[in-house]
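Residue numbers (the numbering used here), protein chains in the order written: chain V, 1 to 135; chain C, 1 to 135; chain A, 1 to 135; chain H, 1 to 135.
Since the hints were derived computationally from the structure, they do not count as laboratory data.
Certain hints may be false.
Put simply, identical chains are the same to the list, so a pair is met inside one copy or across any two.
When the alpha-carbon atoms are kept at most 25 Å apart in a straight line, the in silico BS3-like pairs for lysine-lysine are as follows [to be verified]:
(1) LYS73 x LYS129
(2) LYS88 x LYS129
(3) LYS32 x LYS14
(4) LYS2 x LYS73
(5) LYS38 x LYS73
(6) LYS88 x LYS119
Number of protein chains: 4
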Amino acid sequence: MKNPQEIIHLMLSKDAFSNWLGIEVIEITEGKCTLACKVTESMLNGFDIAHGGISYSLSDSALAFAANSRGFKCVSIETSISHTRAAKLNDILTARCTELHRGRTTGIYQVIVSDQHNKTVSLFKGTVKILDEIW
Amino acid sequence: MKNPQEIIHLMLSKDAFSNWLGIEVIEITEGKCTLACKVTESMLNGFDIAHGGISYSLSDSALAFAANSRGFKCVSIETSISHTRAAKLNDILTARCTELHRGRTTGIYQVIVSDQHNKTVSLFKGTVKILDEIW
Amino acid sequence: MKNPQEIIHLMLSKDAFSNWLGIEVIEITEGKCTLACKVTESMLNGFDIAHGGISYSLSDSALAFAANSRGFKCVSIETSISHTRAAKLNDILTARCTELHRGRTTGIYQVIVSDQHNKTVSLFKGTVKILDEIW
Amino acid sequence: MKNPQEIIHLMLSKDAFSNWLGIEVIEITEGKCTLACKVTESMLNGFDIAHGGISYSLSDSALAFAANSRGFKCVSIETSISHTRAAKLNDILTARCTELHRGRTTGIYQVIVSDQHNKTVSLFKGTVKILDEIW
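Looking at chain V on its own, in the form it has when it is part of the complex (with noise of 0.2 Å):
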């Protein structure tokens, strides 16, 4: 079983919509990671703020990569957010994935997303079910 390094070099290095999104992984630990990208023109909407498309799939590859950390392939079965600040250009966006509960056949994540002045941004909650094949 390889560990979480191994896992999400190799989920991120052929993810290519992360790599559009100029994902960066902070941290990885088991069950946890910190991933960051900044908010580019071609991010935003007609309001000038970034389109919540692109904080949601922040934190939709925080959860992936999290959640299959622990060597177990994992697929997403329900997500939610709720944007409570807008992201503007150039802004850094930051989301911590944290595990809030492992069963033996699901998970439960939560990433808070904030901005380079520790505002938070979106908060996001994402259940996966745990498969049986290993990474």
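On the provided structure of chain V, position chains C, A and H as indicated by the hints.
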């Protein structure tokens, strides 16, 4: 007050990320809209399927257009999505947004994303706050 | 394998809390069910309206019955509810549960609760895990 | 403006359903509260475990008390709950509600329900609208 077509034209023309996604407006009426986009290489994740952020982003744009189409500015409070089927390269995703509830200060919308075979890719629910500001 | 009526009869007859709620089964077919109950004094909260837990509980029972009606035991993974209108003393609440998605291992259901004037009281979405065990 | 204890005393004393649940207030401060109740026979479902509506209702009361404790009346907009472990007859359920976000017009709260062995029974997230009305 502008009509739905004018509002959505205004929103989409300045929405860089929705344009990056290649979103096309198929239909828009008050409280309802249908959008489509094609899954490109840049939208794939490490499993060679569309990143969960793609159908979320498409759904979130559909929510924004449908909610704002009634003439009052709306902001998203809480959204949730279940990914029921993987989307693959070159799949055409169609997002149909319908209004489940429109109160005085909040609205609730459902977005179903399906592929070109009419298979459901994701189920999304979004709650918006209706502001006093008109378009 | 038992039919939907037999399964729901079995579930409801031993379900003390659903009986406390006074739940009646209006209709049950595979993947679908309609339940009703009346708001009593004991169900009110400090604002003299039905406690949010009442329409949640009615919806959760509807989810359980609809999901289990297909013959395989199901357990709830994640549920969400939006309360759109207050229910008052003696209101008759009707919960209509429909299947949004039925995969091999998970199912997604929607429950709309309305009052006797056909006004929507709450919108519920529930995801279940489908077990290998048959009824 | 009343203090948290006064507000919660006022809310709970008239809340018939929370009293039916046997809810006791363990702790209440601004934006935070801890409640407890015991699983009785009437709260069980057909699987002889607490009905999902029980931990939802306990969590929803905790949300209401924590959100209203800051002195402004609040109403629930959207709530979600994941049931992670079955609660059984005579289990003591403790609900700890914390504030994830408090904006000008909306607040987001998390409620973790655990049993007497400190095992997590459910994870709840609730979003409220903050009204202009003071207690």
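Verification of the supplied hints:
1. Proximity of LYS73 to LYS129 under the C-alpha cut-off of 25 Å is found in both arrangements, the shortest distances being 9 Å within a copy and 17 Å between copies.
2. In this assembly of identical chains, the alpha carbons of LYS88 and LYS129 lie at most 25 Å apart only when taken from different copies (20 Å versus 34 Å within one copy).
3. For the homomeric pair LYS32 and LYS14, the shortest alpha-carbon distance inside one copy (20 Å) is at most 25 Å, but the shortest distance between copies (36 Å) is not.
4. With identical chains, the CA atoms of LYS2 and LYS73 are at most 25 Å apart within one copy only, with a shortest distance of 11 Å there and 35 Å across copies.
5. With identical chains, the CA atoms of LYS38 and LYS73 are never at most 25 Å apart, being 28 Å at best within one copy and 27 Å at best between copies.
6. Proximity of LYS88 to LYS119 under the C-alpha cut-off of 25 Å is restricted to the intra-copy arrangement: shortest distance 12 Å within a copy versus 36 Å between copies.
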